[in-house]
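The chain contents come next:
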Amino acid sequence: MSKKEENLNKNWKKDFPIEKQQATNVSRRDFAKFLTLVSGGLMVGSGLVAAKAYWYPKEEVEGEHFVCNKADVPLGGTHAFVIQGSTIPYILIHLETGEFKAYEQKCTHLSCSVFYKPGTGIIHCPCHEGSFDAQTGNVLGGPPPRALPKLEVFFKGEAVYVKAAQQEKVKVI
Amino acid sequence: MSNFRRSQNQSNPNKLNAILSTLIFVLILNVTIQIWLLYAALNNALDNNIEILIPAFVASFGLFLVCIVLLYYMPTGNTNTRK
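In the order they appear, the protein sequences are chains A and B.
Residue numbering for the first sequence follows our numbering, starting at 9 and increasing by one per position.
Residue numbering for the second sequence follows our numbering, starting at 113 and increasing by one per position.
Be aware that a few hints might be false.
Said to hold, decoys possible - Below, a list of computed lysine to aspartate or glutamate pairs in the EDC-like style, where the Cα atoms sit at most 16 Å apart:
no.: 1; chain 1: A; residue 1: 60; chain 2: B; residue 2: 159
no.: 2; chain 1: A; residue 1: 66; chain 2: B; residue 2: 159
no.: 3; chain 1: A; residue 1: 158; chain 2: B; residue 2: 159
no.: 4; chain 1: A; residue 1: 78; chain 2: B; residue 2: 163
no.: 5; chain 1: A; residue 1: 11; chain 2: B; residue 2: 163
Note that these hints are calculated values from the structure, not bench results.
Could you put the whole structure together from the sequences, leaning on the hints where they help?
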């Protein structure tokens, strides 16, 4: 077998099966056209995001929902719950200050499960070390781009109830 | 009849090179702005700030039109070869 044939049979040739002649066809003109195509794709993407938000808006939590009794969650403890008719997981936190807070349990970064670190006032995401303020749900550190969605907690006697929180309009740029 | 395209193609290859490089630079700039617009739109959509989505889409559409128009000015190569 000649040296040339030997070279052709090498593995890297199989992994990159493009002739030298063809490779030179990828010119700067083609690159410019490709960039325009990418631009069109991004424009369509923006349109889809807008269309989805206007035509299929996110479902709000409706009505009042019983979660548990106050005595079921010790100070610094948490209680995971799901609202009837929905699959979104929430956590009810009994803060050391005595307040009750309810947040969505999905991290706003990549939807990992977040948990409350007792005694610190921090909700932590173990996947990429994201931290949220347990008082407000705002991001304290790490990659999460938005605050944790929250529910409003209120009481009827000893029972803890949640309902949709008033949305605060904060633009994310 | 001489037109824009013919005179552009007859210009010096160095000039064509500069035009093409500039076009690609502007195209990359446009795409970068569009990526930022899409990122901001997604984040705001997830945060229920839907009023910002239409302006973001319009801006993205405008930048895409700019990209299309710029393709017209892309040199097709110096064809002024000697016979």
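Here is what the structure says about each hint:
1. A/60 with B/159: holds (13 Å)
2. A/66 with B/159: Distance ~10 Å between residue 66 of chain A and residue 159 of chain B Cα, so the pair holds.
3. A/158 with B/159: holds (12 Å)
4. A/78 with B/163: violated (39 Å)
5. A/11 with B/163: violated (66 Å)
In summary, the structure is inconsistent with hints 4, 5 from the numbered list given earlier, while agreeing with the others.
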